[in-house]
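Asker: Here is how the chains run, residue by residue.
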Amino acid sequence: MSTNGKPKYKVIGTRPIRHDGVDKVTGRAKYGADIRLSGLLHGIVLRSPHAHARIVRIDTSRAEALAGVRAVVTAADIPPQGDRMVELGEGAVNMRHLSANVLAHDKVLYKGHAVAAVAADNVHIAEEACKLIDVEYEVLEPVLDVLKAMLPDAPVLNDDVRTDVMGGSPAASDRPTNVARQIIFTKGDVQAGFAAADVVLEREFRTGTVHQGYIEPHNATAMWNANGKVTVWMSTQGIFTARQQTAELMRIPVADVKVVPMEIGGGFGGKISVYLPPVAAALSKKTGRPVKVIMDRSAVFEATGPTPASYIKIKLGVTRDGMITAGDAYLAYEAGAFPGSPIGPGCMCVFSCYDFPNARVEGYDVCVNKPRSNAYRAPGSTNAAFAIETVVDEVCQQLGIDPADFRLKNGAKEGVRRVDGPVYSRIGMLETVEAIKASEHYQSKLAGPNQGRGIASGYWFNIGLKSAVTATVGYDGSVTLIEGSTDIGGSRTSIAMQLAETLGITAEQVTPSVVDTDSVGYTDVTGGSRVTFATGIAAIEAARDIQRQLVIRAAELWEVDPSTVTYVDGGVSGPDGKRMTFEELAHKLPETGGPVIGNGTSGKATQAGAFGTHCVDVEVDPETGKVQVLRYTVAQDVGTAIHPSYVEGQLQGGAVQGIGWALNEEYWYDDKGSMRNATYLDYRIPTCYDVPMIDTILVEVPDPQHPYGVRGVGEVPICPPPAAIANAIAAAAGVRMKQLPMSPPRIMSAIWERDAAK
Amino acid sequence: MARVFIPAQIRDLTDGQEVVEVNGTTVREVIEGLESIHPGTRERLCRDGQLRPGLMIAVDSSVASSGLRTSINRDSEVHFLPAIGGG
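Chains as they are written, first to last, in numbering that gives the first Met the number 0: chain A, 0 to 757; chain B, 0 to 86.
No false leads were slipped in.
Selected chain A positions facing chain B (in silico; Cβ < 10 Å): (1) Gly166; (2) Gly167; (3) Gln211; (4) Arg417; (5) Gly420; (6) Tyr423; (7) Gly711; (8) Ile717.
Listed below are several chain A residues computed to face chain B (Cβ distance under 10 Å; list not exhaustive): (9) Glu86; (10) Gly362; (11) Asn373; (12) Ala377; (13) Ala607; (14) Glu714.
Label-pair restraints from in silico Cβ distances: (15) B:Arg73 x A:Gly576: 43 to 53 Å; (16) A:Lys23 x B:Arg73: 50 to 60 Å; (17) B:Ile36 x A:Lys603: 28 to 38 Å; (18) A:Leu150 x B:Arg2: 38 to 48 Å; (19) B:Asp14 x A:Pro744: 52 to 62 Å; (20) A:Asp158 x B:Asp14: 33 to 43 Å; (21) A:Lys603 x B:Arg73: 16 to 26 Å.
None of these hints come from the bench; they were simulated from the model. Note that the Cβ used here is the ideal one computed from N, Cα and C, for glycine as well.
Using the sequences and the hints, build the whole thing.
Answerer: See below:
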């Protein structure tokens, strides 16, 4: 449902069938694993059995001698990177670290770390050859916990890491450390704020290492041609960043690499960094033949970037009548093997849903012997939301205040200054709370014993960055739309709809295609909830470009001055009542010079951010600790819903992933740093038996920075679920859960602890 | 004059001031102005003439897509924040 009025659109807000739908449901869509090329070789990566070890020696001679083996590569086949940072679209990356993650240099830093790779006539020979690679390791003690890794005597992963304190380093700390970065924000007088509070609560939280859980494994097929040009077919969230990463790692010109996007079976942030393309490229360079490499599921878990485990401490001060006076947050996020956890956004999001007059936030990015952390829907925000939203709920419980009313009193709104500094423009936090409060769900009564209800809110910035599209008018009135945003969630259609709306034609008249890096202008990643916003702006600009050209063509046909012609309501209008529809004019294009091609880019616009508030009912089995989600409602400020079905799908998908994060998902490591649940049998993501239908309330507060008011929608919905469920569990079972996942053993421990305290 | 919000970790260079008013028409000019008032601040914000990796600039609460070249008004707010990406 939509909650308020909006401008009348013809295409926006409708639900056309997605353009790629038939191929997807008939199995004809081509994914990376479907690539078949003449002379194709198959690659397998040898991975470290140790979480922390020095590589003493690698001998590949026995593998190379095996019949059917065409090449073996190690880090020695990837050019040295030096000490350089490269801007890769979503931020600067240390190339030495990225290279060492693709193929380990002198140390392995997590179990599953790539050490070598083999190309052979088939995967079985390649697997056998991997067993013949002799690697001598000097096994080192691993460190697997964020707080232990921060201790002065902790094993240190990287010799080149010092603590970055806003461009400086702490005095007397010119020695390697696992603490890669410190962040501090302050606002107001925190001490005075807490002194003014009637209730002060301080709580500590832990969250587990969680994978994005995309179904399709990473894959890449590379062909290093004799002319030095490299083509890569792969599943990726960003063809241009994949191209640049591959080129930078292989130290070849960006223009010598072409990335061809295959369909993508999920990413959620996990398919932005490259793992396989440089390996496949190096193998192809050695063999002169195309090489395909596909990860198996355990490699996906053990060797690609999960979202970080974390430790968070929150202190909250509130007056008796429910006004926030102060907050203090300490966050430590696991970066995995190399620096780069989302500690920055975590610190920026932790207090973002509220108007804090006084607050302090301190955060740390910490290396541990786990895979290099990567983005996962609203990276860093979910961890933080779990902590702050749980404390808010406990304060409300102590003060006897309705948690929705507390949020309406203290919630962020236009003009509020965030703790990290900027002031909010038009946002819809309060509207999402109002929508939940007014919902039939929130107003209903719980049906039985051991049931409870919880709510929680969440925030994500949403980003803008750069996009380009090209649109060509066909003589039959159709439009082909070429874009560089790989389509994960139906963005082909949401972009096509914005072009269609601007031209006044139907979505079905537009045929969108996602093309390779040689065929469209630079486009940043499909991530950060940016595509429908930023690539949408590019499509609108392309449509306006077409409009301008069509006005000139019509003026030529009518033999009038172009200034007397306007493009309006799906066609051109001229003097004396002259009128042609888009289709009528398209038919006449051959008479006026031929093709009309519109180009559009975006790169300046930034988004205003988005909020969501969730309401969940659960039932806790007091004998087993199993939590059943009974009912779930998501209210989110979506700006303007271009295709409501896809928006609802994003909200539902994010909520379900958040439910999995809340209740079951977690990497289980033994004390040697070996993940013990690296399959979907043991790493438990939610199934249809675990979740009810997720109800959605689309709150539409248009973002003024987009012509149609679009806000990104893909990331916010994963933020509130863990806290909302924790709050519901507290209401149902009387236990406050402070560690994710809230699995049955942890619930039972909390219940027994509660009972023992009675 | 533009109001530059000083990150907490370098306020030792600004005598504890959280906000410093500086003249300038671009972020780069503002940083130069800040450096002239509080030496050492530029080094903490920039490296090799560019914004340090891992940082982003927000001008009047919007992320500055043009980096140090971003234009600012007389009453603009300038913030230096951790860079954000997304999933």
